[in-house]
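Novice: Protein chains in written order, with the working numbering: chain S, 3 to 429; chain Z, 205 to 422.
If you are wondering where the hints come from, they were derived from the structure by calculation, not from laboratory data.
Honestly, I wouldn't trust all of these hints.
[Said to hold, decoys possible] Partial list, computed: chain S residues near chain Z (C-beta under 10 Å):
no. : residue
1   : Met3
2   : Leu4
3   : Thr5
4   : Gly18
5   : Met49
6   : Val61
7   : Ile269
8   : Leu275
9   : Gly285
10  : Leu423
11  : Leu426
12  : Ala427
[Said to hold, decoys possible] Heads up, incomplete: computed chain S residues facing chain Z, CB under 10 Å, no partners named:
no. : residue
13  : Leu16
14  : Leu17
15  : Met21
16  : Phe34
17  : Leu37
18  : Asp41
19  : Met63
20  : Leu66
21  : Leu198
22  : Ile200
23  : Pro201
24  : Leu271
25  : Gly274
26  : Val279
27  : Val280
28  : Ile282
In this text, a Cβ means the ideal position worked out from N, Cα and C, and glycines have one as well.
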Amino acid sequence: MLTFAFILMFVLLLLGFPMMVPLLIGALALMFSLLPGVDPTSLVRAMISGVRPSVLVAVPMFILAADIMTKGHTANRLLDLVHAFLGHRRGGLPITTAVSCTLFGAVSGSTQATVVAIGSALRPKMLKAGYKDSFTMALLVNSSDIALLIPPSIAAIIYGVAASESVGELFIAGIGPGVLIMVMFSIYSWWISKKLDIPVEPRVNWAGRLRALRGALLPMGFPVVVLGGIYSGLFSPTEAAAMSVFYALIIEMLVYRSVKWRDLPSIALSTGLITAVVFILVGAGQAFSWVISMAQIPTEVLGPILDTVADNPTLLLVVIAVSYFVACMFVDPIVAIFVLTPIFIPAIDASGVDPILVGTLVVLQSAIGSATPPFGYDIFTAMAVFRRPYMEIVKGTPPFIIMLLATTVLLIMFPQIALFLRDLAFR
Amino acid sequence: MAKVQGSSSRSPIMRAVGGLDWLLGWLENIVLSVSIMAMAVMNIGNVLGNNLIGKGFLFTVEINQALLVIITFIGVSKGARHGRNIRMSAIYDQAKGHWRKAMNILITAGSAAVMFYLCWYAVIYEAQVRSIGQTTPNLGIPLWVLYLAVPFGLFLAGLQYTLTTLRNLTSKELYRSFTELEVYEEADLAAVEAEKLEGEDPDSDWAARRNGNGEGRD
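Can you make the complete structure from the sequences, with help from the hints?
Specialist: This is the structure we're talking about:
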């Protein structure tokens, strides 16, 4: 029955059903066959309890802050700053792209907002400079996924809820791998620029740099509000999210005056819709994971395998990384997190592996999966934003996937990449 | 009233359904945007209150939880209305003509069935919660009132998927929702993009953006 349920879910997924439908049908099929006495109202209850945790409020609040900033000038000012300091170097434009995506990720937490805000401004310039479109779009899609790792990270919040782990610790642990990926992308961009012999842009003088720095001071305050607030103990992650909305409103409405009062209802509606399509997956994922936990499927199916790898933490991390990577290639990371996390939690607890390291690894796999064919979510965002065919967007992806997988290997081999800052802040 | 794209039926019944659909869509928009704005105002007020005068809103947690449920379930319907619920469309996108339409009808009809099925059990769950008489701890709002969004939203989502199925069964064109045509055509988009890139000077775009910021460039 288990095999049948998974095949049915996979077929429905491939046919193009909204992802909540295969999850709910899978949950119902497993419930009817393995839990005959259980009422389907339990599924509804599980869906409701899935979307009720208060920490999830951080998700719509960070999305709202990102929507306000995307409508306003924040992205351009950050981009100007990075370009003023790095634009004149070899590979200046793509390096600016990677660094700007990281910075904008640090203020918005949204990969889609990053693709829109940075991609719309930089892609035409990169094409004019002579970079191939396939490289440009792959760089944008993959750099935007650094936003998933750099706090505020929506994937970290979702994992924190699914695994009952500290969102604050997950946030700070994502910084190391995020910066590592940014550096790798920058080196690759430098090499591509050298290979294509792209002319170097003129250096911006110090007056220009200071002007760019002054212009970006307020947007650079976002990480201070979010991270500073959380790690000083002033705010919880949810409160930091609310303050990031407050900060976005102040700088975009009062200082830059780029967002008007009349814009707010449409911005809020956009946030509401994005939140809803994400959260219904959280609800359906919770219902599915409730059924498989009740039916003790993780113990029965994966128990023997996990018992074997539980004694070998490195092997366990490899199994977790591969499982989430493959899952995120096919389904939305939220679904993967809710379906797989309850399966692995017992083994993680038994193995003594740091759960924050596991969470960071899972968030990293979500980032990789979001940009990886066949179904990486950000590929479809890029299709909508840049209006290019699927194949053209994924053509330049392989080198980036290799760099991201290398980051995974490095993270497993050297956990301090993620845990160093966490230990510094919390231990 | 929301304009129906394509050569859809102008029969009085379809017009009446269209009117009702517009009204429901308007209500969804109000609920979603008001919920998000209320959530923002309440949470910002709570943080400022806690940190500035040492006094926040006691009801923040319970209202947040209620708003999360309302946004999720009313938003599902909004997602169905605009074909925005997350799905993997790679294979669907490769299908053409009648195959694509058949897949669309299967997907929307199947999704409608699941939504209506869960709606029924959400109604039963509502009745159970009501019979227990549970209320929120600080404001004392009955939980069943806050959870009304669950059956209502699932029903509206089922209705949207049903209307899309009917629209596709009764019209020549392919609709992604009751009122919106599926317009994705790679060739057209590629042509538009090529034209856009040829016609624009990225430097002037860059300068325009900077000037919009009130900044100059060296």
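Novice: Does the interface hint hold: is Val61 (chain S) within less than 10 Å of chain Z, judged Cβ to Cβ?
Specialist: holds (9 Å)
Novice: Let me know if the C-beta of Ile200 (chain S) comes in closer than 10 Å to any C-beta of chain Z, holds or violated.
Specialist: This hint is violated: Ile200 (chain S) lies away from chain Z, its Cβ roughly 14 Å from the closest one there, beyond 10 Å.
Novice: How about Met49 (chain S): closest beta carbon in chain Z under 10 Å, or not?
Specialist: holds (8 Å)
Novice: Close enough to count: is the Cβ of Leu423 (chain S) nearer than 10 Å to one in chain Z?
Specialist: Violated: closest Cβ of chain Z sits about 24 Å from Leu423 (chain S), beyond 10 Å.
Novice: Regarding the hint that Leu66 (chain S) lies at the interface with chain Z, is the smallest CB-CB distance below 10 Å?
Specialist: Holds, because the Cβ-Cβ distance from Leu66 (chain S) to chain Z comes to roughly 6 Å (cut-off 10 Å).
Novice: A closest beta-carbon separation below 10 Å is what the hint needs, so does Leu4 (chain S) meet it against chain Z?
Specialist: violated (20 Å)
Novice: Given Leu198 (chain S) as an interface hint, is its Cβ closer than 10 Å to any Cβ of chain Z?
Specialist: Nearest chain Z Cβ about 17 Å off; hint violated.
Novice: Holds or violated: Met63 (chain S) as interface residue toward chain Z, Cβ cutoff 10 Å?
Specialist: holds (6 Å)
Novice: Does the interface hint hold: is Asp41 (chain S) within less than 10 Å of chain Z, judged Cβ to Cβ?
Specialist: Given a least distance of 8 Å, the restraint on Asp41 (chain S) holds.
Novice: Does the closest beta carbon of chain Z sit nearer than 10 Å to the beta carbon of Leu271 (chain S)?
Specialist: holds (4 Å)
Novice: Does the nearest C-beta of chain Z fall within a distance shorter than 10 Å of the C-beta of Gly274 (chain S)?
Specialist: holds (3 Å)
Novice: Once the shortest beta carbon distance from Gly18 (chain S) to chain Z is found, is it less than 10 Å?
Specialist: Check passed: Cβ of Gly18 (chain S) comes within 3 Å of chain Z, closer than 10 Å.
Comparing the model with each earlier hint shows violations of hints 1, 2, 3, 10, 11, 12, 16, 17, 21, 22 and 23; every other hint is respected.
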